[in-house]
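All chains should be modelled from the sequences, with the hints used to inform the complete structure.
Sequential numbering from 1 applies to the sequence shown in the UniProt record's numbering.
Hints are computed from structural coordinates only; laboratory data are not their basis.
Accuracy of the hints is not assured; some may be wrong.
Said to hold, decoys possible - Calculated cross-link-like contacts (lysine to aspartate or glutamate; reagent style EDC-like; alpha-carbon spacing at most 20 Å): (1) K55 x D71; (2) K182 x D71; (3) K184 x D58; (4) K184 x D71; (5) K204 x E36; (6) K182 x D58.
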Amino acid sequence: MSVFKGFLLAVVAALLWGVSGTFAQFLFQQRGINIEWLITVRMLISGICLLLFAKFIDKTNVFSIWKNKKDAIQLTIFSITGMLAVQYTYFAAIKHSNAATATVLQYAGPVVIAVYLAFKNKKIPMMIEFLAIILAVAGTFLLVTHGNINSLNISGTALFFGLASAVALAIYTLQPVQLLSKYKSSVVIGWGMMCGGFVFSFVKSPFSIEGIWDFQTYWYTAFIVIFGTLIAFYAYLTAVQIIGGQKTSLLASMEPLSATVLAVLWLNVSFSTIDWVGSLLIISTVFLLSIKPKKLREIKEKVN
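As C-alpha cells, then:
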C-alpha cells in the first residue's frame with residue numbers, strides 16, 4: 001500500500017507542476033502578471049508554510065540548520081543557485097516561449113547531471129549515457145529549429161532560459177544532497193524557498209502588484225502557490241522517501257507531457273509533429289539514465 005502511495009504522490013506532483021506551468025503562461029501572457037513578483041510571492045508563502053509544517057507537524061527544530069556554519073553556508077548557496085535559479089529560469093522560459101517548450105527543455109537536466117558527474121569522477125560516460133546525451137542534443141535541436149539550422153522556432157532568449165533551467169535543475173538536484181541527509185526535506189526546501197524569496201523581494205517587492213486581476217488571475221495564482229509549489233514539492237519529496245529517487249524521477253517525467261497537452265488543448269499552443277518528436281527524445285533520456293546494467297552495478301558495489 002505504501003508503494004502505491006509513493007507512485008501516486010509522484011504522479012500527482014508531476015501533474016501539479018505541469019498544470020501550474022501552463023497557468024503561469026496564461027498569467028504572464030494574458031493577464032500581464034510580473035514574473036519576478038510571482039516568483040517572490042510563490043517562494044515566500046510556500047517557504048513559510050513548509051517551515052510551519054516542519055515545526056508543528058514533523059516536530060522538527062527548524063533553526064538547527066543555521067547553528068552549523070558549514071550547513072548554513074550550503075543552505076544559502078542552495079537557496080540562490082538552486083532553488084531561486086531553477087524557479088526563475090523556468091518561469092522566464094515560459095514567459096518567452098510557452099509552458100510546453102520550457103518544461104521539455106528543463107528535462108535535459110538529468111543529462112547535465114550525467115555529464116557533470118562524469119567530469120567530477122574523471123570517468124568516461126557509459127555508452128547509455130553517451131546515447132542519452134546524443135538524444136538530448138538531437139531533441140533540443142528539433143524542438144528549437146524544426147530541423148532548419150538557419151532559423152530558430154523559439155526566441156534566443158527562450159532558448160537561453162530553457163537551457164539555463166536544465167542547468168539550474170541539475171544544481172538543485174545535486175547541491176543539497178548532504179543537507180537532505182542530515183535534515184528534514186521540509187526544513188531544507190522550506191528555508192531554501194523562504195531565503196530565495198527574501199533575496200528576490202529586493203528585485204520585485206511582493207507588495208508591488210501588477211496586471212489584470214479577475215477571478216481567473218486569483219485562482220491561477222493561488223493554484224501555483226499552493227498546489228503547484230507547496231503540495232507538489234511535498235508530494236514529490238515524500239514519494240522519494242517511499243519509493244526512492246530513481247522511480248520518483250521517472251514518474252515525474254509526466255510533467256512535460258501534462259504541460260504540453262494542456263498548453264495545446266487549452267492555450268492553443270502550436271505543437272507540430274517535429275515538436276513532439278524532439279520532446280520525446282529529450283524525455284527518453286530520463287528513462288535511459290535510470291538504467292543501470294546489473295554487471296556494472298555489481299562492479300561498482302565491489303569497488304565501494
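Verification of the supplied hints:
1. Proximity of K55 to D71 is assessed by CA-CA distance (about 19 Å); at most 20 Å being required, the pair is judged to hold.
2. With a C-alpha separation of about 9 Å, the suggested pair K182 and D71 falls inside the 20 Å cut-off, and the hint holds.
3. Using a Cα cut-off of 20 Å, the hinted pair K184 and D58 holds, with the two alpha carbons roughly 8 Å apart.
4. Proximity of K184 to D71 is assessed by CA-CA distance (about 13 Å); at most 20 Å being required, the pair is judged to hold.
5. At most 20 Å may separate the alpha-carbon atoms for a hinted pair to count; K204 and E36 meet this at roughly 6 Å.
6. Only pairs whose Cα atoms come within 20 Å are accepted, and K182 paired with D58 is accepted, the gap being roughly 15 Å.
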